[in-house]
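Listed in order, the protein sequences are those of chains A and B.
80 is the number of the first residue of the first sequence in the working numbering; add one for each residue after it.
57 is the number of the first residue of the second sequence in the working numbering; add one for each residue after it.
Hint data in this document are derived by calculation from the structure and do not stem from the laboratory.
All C-beta atoms, glycine included, are put in the ideal place defined by N, C-alpha and C.
Fair warning: there could be bad hints in the mix.
Derived DEER-like restraints, expressed as beta-carbon distance ranges [unchecked claim]:
#1 B:Lys75 / A:Met83: 52 to 58 Å
#2 A:Pro242 / B:Glu482: 28 to 34 Å
#3 A:Thr338 / B:Asn813: 43 to 49 Å
#4 B:Gln168 / A:Thr338: 38 to 44 Å
#5 A:Ala269 / B:Ser68: 51 to 57 Å
#6 A:Met83 / B:Ala175: 17 to 23 Å
Here are the computed lysine-lysine pairs in the DSSO-like style, where the Cα-Cα straight-line distance is at most 30 Å [what the hints assert, rightly or not]:
#7 B:Lys129 / B:Lys142
#8 A:Lys268 / B:Lys789
#9 B:Lys474 / A:Lys268
#10 B:Lys142 / B:Lys75
Going by beta-carbon spacing under 7 Å, a handful of chain B positions derived as facing chain A [claimed, not checked]:
#11 Asp433
#12 His487
#13 Ile488
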Amino acid sequence: MTTMTCIRPESLDEAVDFLHDHGPDTHILAGGTDLMVDLRSGENHRPFLLDISRIETLKTVELSDDQARLYIGSGVTLTRINTLPLIKEHAPALHKCSFTFASRQIRNMATIGGNVAHASPCGDTIPPLVIHEAEAVVANRDGNRTIPLLEMTKGAYRSALHPEDLVVALKLKTRQPGFFDFQKIGRRKALATSRMSMAVMADKDDQGRISFIRFSLGACTPTPQRMHTVESLFAGKNPTVELMNQGAGLLAEKMVEITGRRPSISYKEPAVQGLFKRMIYPMITWCRQ
Amino acid sequence: MSNDRYHTVGKSIFRRGAKERLTGKPIFCADMELENVLYLKAVRSRHPHAGILGIDTTAALSIPDVVQVFTAKDIPGKNLMGIINKDQPLLAEDKVRSLADPVALVAARTPQAAELAVAAVSVDYDPLPAVFDPEEALAPGAPKIHAKGNVLVQKKVRRGDVAAAFEKAHTIVEKTYRTSAIEHTYLEPDAGVGFPDEDGTLVIYASTQNPHYDHKEVVSLLGVEDHAVRIIQAATGGGFGSKLDMNVQGFIGLALYHLKQPVRYVYTREEAYLATAKRHPFVIHMKTGADETGRITAMQMKAVCNTGAYGSYGIAVASRAAVHATGPYAIDNVDLECTAVYTNHPFCGAMRGFGTPQMALAHESQMDIHARALDMDPLEIRVLNGVKKGTVTATGQELVHSIGFQDCLAAVTPEYRKAGTDWLSEPTPPHIRRGVGIAGMWYGIGNTGVQNPSTARVAMDRNGQVTLFTGCADIGQGSTTILSQIAGEALGLDAMDIHVVVADTKYTTNAGATSASRQTYISGNAVKQAADKLADVLLTEAVNYLKVKKADLRLENGSVRDARHPEKQVGFVRLASRILDKGGELSWQGYFDPETVPLDPETGDGIPYTTYAFACHAACVEVDVLTGETSVRRVIAAHDVGKAIHPENVIGQICGGVAMGVGFALMEAFVPGETISMNDYHIPTAADMPCVIPIIVEAAEPSGPFGAKGVGEPALIPTAPAIVNAVSNALGKRIYALPASLERVLDASIASGHFNNCYQES
Numbered sequence: 080m081t082t083m084t085c086i087r088p089e090s091l092d093e094a095v096d097f098l099h100d101h102g103p104d105t106h107i108l109a110g111g112t113d114l115m116v117d118l119r120s121g122e123n124h125r126p127f128l129l130d131i132s133r134i135e136t137l138k139t140v141e142l143s144d145d146q147a148r149l150y151i152g153s154g155v156t157l158t159r160i161n162t163l164p165l166i167k168e169h170a171p172a173l174h175k176c177s178f179t180f181a182s183r184q185i186r187n188m189a190t191i192g193g194n195v196a197h198a199s200p201c202g203d204t205i206p207p208l209v210i211h212e213a214e215a216v217v218a219n220r221d222g223n224r225t226i227p228l229l230e231m232t233k234g235a236y237r238s239a240l241h242p243e244d245l246v247v248a249l250k251l252k253t254r255q256p257g258f259f260d261f262q263k264i265g266r267r268k269a270l271a272t273s274r275m276s277m278a279v280m281a282d283k284d285d286q287g288r289i290s291f292i293r294f295s296l297g298a299c300t301p302t303p304q305r306m307h308t309v310e311s312l313f314a315g316k317n318p319t320v321e322l323m324n325q326g327a328g329l330l331a332e333k334m335v336e337i338t339g340r341r342p343s344i345s346y347k348e349p350a351v352q353g354l355f356k357r358m359i360y361p362m363i364t365w366c367r368q
Numbered sequence: 057m058s059n060d061r062y063h064t065v066g067k068s069i070f071r072r073g074a075k076e077r078l079t080g081k082p083i084f085c086a087d088m089e090l091e092n093v094l095y096l097k098a099v100r101s102r103h104p105h106a107g108i109l110g111i112d113t114t115a116a117l118s119i120p121d122v123v124q125v126f127t128a129k130d131i132p133g134k135n136l137m138g139i140i141n142k143d144q145p146l147l148a149e150d151k152v153r154s155l156a157d158p159v160a161l162v163a164a165r166t167p168q169a170a171e172l173a174v175a176a177v178s179v180d181y182d183p184l185p186a187v188f189d190p191e192e193a194l195a196p197g198a199p200k201i202h203a204k205g206n207v208l209v210q211k212k213v214r215r216g217d218v219a220a221a222f223e224k225a226h227t228i229v230e231k232t233y234r235t236s237a238i239e240h241t242y243l244e245p246d247a248g249v250g251f252p253d254e255d256g257t258l259v260i261y262a263s264t265q266n267p268h269y270d271h272k273e274v275v276s277l278l279g280v281e282d283h284a285v286r287i288i289q290a291a292t293g294g295g296f297g298s299k300l301d302m303n304v305q306g307f308i309g310l311a312l313y314h315l316k317q318p319v320r321y322v323y324t325r326e327e328a329y330l331a332t333a334k335r336h337p338f339v340i341h342m343k344t345g346a347d348e349t350g351r352i353t354a355m356q357m358k359a360v361c362n363t364g365a366y367g368s369y370g371i372a373v374a375s376r377a378a379v380h381a382t383g384p385y386a387i388d389n390v391d392l393e394c395t396a397v398y399t400n401h402p403f404c405g406a407m408r409g410f411g412t413p414q415m416a417l418a419h420e421s422q423m424d425i426h427a428r429a430l431d432m433d434p435l436e437i438r439v440l441n442g443v444k445k446g447t448v449t450a451t452g453q454e455l456v457h458s459i460g461f462q463d464c465l466a467a468v469t470p471e472y473r474k475a476g477t478d479w480l481s482e483p484t485p486p487h488i489r490r491g492v493g494i495a496g497m498w499y500g501i502g503n504t505g506v507q508n509p510s511t512a513r514v515a516m517d518r519n520g521q522v523t524l525f526t527g528c529a530d531i532g533q534g535s536t537t538i539l540s541q542i543a544g545e546a547l548g549l550d551a552m553d554i555h556v557v558v559a560d561t562k563y564t565t566n567a568g569a570t571s572a573s574r575q576t577y578i579s580g581n582a583v584k585q586a587a588d589k590l591a592d593v594l595l596t597e598a599v600n601y602l603k604v605k606k607a608d609l610r611l612e613n614g615s616v617r618d619a620r621h622p623e624k625q626v627g628f629v630r631l632a633s634r635i636l637d638k639g640g641e642l643s644w645q646g647y648f649d650p651e652t653v654p655l656d657p658e659t660g661d662g663i664p665y666t667t668y669a670f671a672c673h674a675a676c677v678e679v680d681v682l683t684g685e686t687s688v689r690r691v692i693a694a695h696d697v698g699k700a701i702h703p704e705n706v707i708g709q710i711c712g713g714v715a716m717g718v719g720f721a722l723m724e725a726f727v728p729g730e731t732i733s734m735n736d737y738h739i740p741t742a743a744d745m746p747c748v749i750p751i752i753v754e755a756a757e758p759s760g761p762f763g764a765k766g767v768g769e770p771a772l773i774p775t776a777p778a779i780v781n782a783v784s785n786a787l788g789k790r791i792y793a794l795p796a797s798l799e800r801v802l803d804a805s806i807a808s809g810h811f812n813n814c815y816q817e818s
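The following block holds chain A by itself, in its conformation from the complex (with noise of 0.2 Å):
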């Protein structure tokens, strides 16, 4: 237990301020549903927290004037992100993924832009977003620039963000699939750290054949992937059994290739081809429609 000093800012200016001075000495805190679990354990102590959860402009949700991209603010919570029409209608596993995040009490606190800067692999919301293939919008004092999301996280927990760094919003390609989904697995029903996590959208054509797919699986590989060899096995296809098994196996494959072979893999190795195909089962039938 020790003590620190807690900085409030009103506005995004100040804090990107206060990040130029003191970044490194610095624990950002938005939410703080991951922040105060490792203040508790004592590791990793900084002298300052800056408190961003007053600035107003960190929780606005808005569409490009093309409707081609969504901006969520980096400080919208996750029970907005369950309760918005725009975010419903334009990354709808996203909002998905929101029902079953942790709990409510969390969801009421926990943000979106936390959930990212984290960098923790089991983020819930990184496979939807991965899909909408996002960007991160970063401030610090020397202006705006954007981060594609897969390039946010360089390891388990290891953030590719600068201490003097702010996430202020993340920017998704807005698409309103025919067929989407978000699962996960976890040890219990809510407040489970996802052991697994996928997202997925596609349409299809007039043929019945996936004419759009993006695919991402969470959790289960230190940094968030986005499968393309997954996809490209689907694309221009019309999805069969055999296809979606063929899928799962193609899944484990890179899966077990990136991690390589840890005791859990034992579990994880057929968990997400089960966990593939219960999302990818329904798809086949709406192909057929």
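Keeping the supplied structure of chain A fixed, place chain B upon it in accordance with the hints.
For chain B alone, kept in the frame of chain A given last:
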């Protein structure tokens, strides 16, 4: 039995203590207001097994606001604790036996200073080889944890001729079962405060299940007279067995003895996880034989349980496990043996059921396997073998009354049958398989084959006010309400009109531990006896006053009246004055000790308990064959409690027991050195809870207060085996080790073929 016979027994009256809790009164040790309080914190071992060469406290003492650092040499009395066998020092002397072992105790003016001092105490360790597996600890040449060796105890129960019975058996089932260590995870981490009284008495408030034991132990640690220490049970936010041990009480006593100023010790969740008892993990080898009709004729059981570094309640766990191994079934030939073994695992002790939940996994799995082998219905094989009047148990005890097992089986039958037909035949997505399972249990009320009395006092003052004095710790299960109802019933008073003085060693006498599901039955009887004695004195005086014979008099609403002429009555106030004026006695002591006969060390022959509780649970589960996720949808739980004094409390116990059973069945496993806190130890959330249908069965116990037995532990016992049997029913593949985790269920699904055959091309 109709509840109308009684005016308060059988009614779910407002719970004593509920108002204080709901309005946030500072009744818990962490909240009590004290001035100039010092904060205590223990320095714990860094090694699972090591000699202590020296302890240097100089650096710690130089930290500002650090008041004192105590080591074993500061303990004035006997540095040894344990309720059954004494093997656990308050502070380690020559060696540490687990990562939880305390080696020094810091007292400081701020929590921060206490924490810094803990880190600054330097201990010179000489690491020793450690052993964590009990079977390895039994091998020759294994590291010796205690001077007397690594076997804490071996308990045996033998009867009939097992070899001959197996010889004749039609089917034999032989399997090995494993259970994990479990952390109780009560809501309130262990806590206590202490301060010296005006007369110098060391007053200790503690979150505890057994204040009178705490008193004895603190007195012994400090080497002082009995009256020098007073223990008062503070509001206790759950215990489930773990608060039967001395968790903070000894530390508070030691600091108070030396510093004579207020002290407080509240465990963090991490410390509560590290330093308090766990449920014993078991390895159970069980072999049972059945004849062609499905009657179980023989059982051989060998179990090893890991008691960790210290005995705690290990002897009771081993003994109860051996006695309960048969489950609620009549088996004529048995050879049962349970060995509790020391290892360098953090110590294991009491947890809801004392080895019985572990045994139930084994005997209830065996029952299902036998049923399957004989193509019998799981319910039928239990009805066939279930104990009934006249059954002679493995310890040679003839069961004569209050045997509600068959009633419990009958009570779940309609729902169980309906689930087996209607629910199982509802369409589900291809990856979901449904299963229904059933499990029974029995549980002896009170301690096993030893005296375990309770006492109580019921007193009336000149104003007719009745006060109940009981040493029984209410840890959230509601005993204070129930004991008030029992006294109220005997005296014709509203339970809430009785004042209560509870669990304070200055004013109450020993009621024994709040454990073994014993307080309603044993303390209830002690209270009833005291209240009956007072009632009799009042009646006698009323005979004199009303000139009506005793048989016609009733105690009702604070007066004694003639049952035939209700207008003829006299109030308690008048009676109390008359009795006291004559020098009569209005304060009466009650005493009750269930009749037991100690068990023979070789055969286990004897009477372990006067009475048993029985139960049967049926569980409906859904298994995701692709991921191993298991959802418990519904649990039908029938419990024979003798008589439900407070039905809502009984239902609360049943639902809580089911919740704990779901955790034991599906997700809980404490791994020493890895499990730190609730972040990595999963107990069920509300979302994991099934719909629970509690059914109260009342097979009255003639020796119980108003027929009551107990329900606290029974509530948990059948849940896990019912779930495991349901999972096995869903997959056609059995799981032999708890928890039935994602990994184990998925393995079973793969082995059964369901994983691969889930989706077929249509």
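Return the numbers of the hints above that this structure violates; sort them in rising order. 1, 2, 3, 5, 10, 11 and 13
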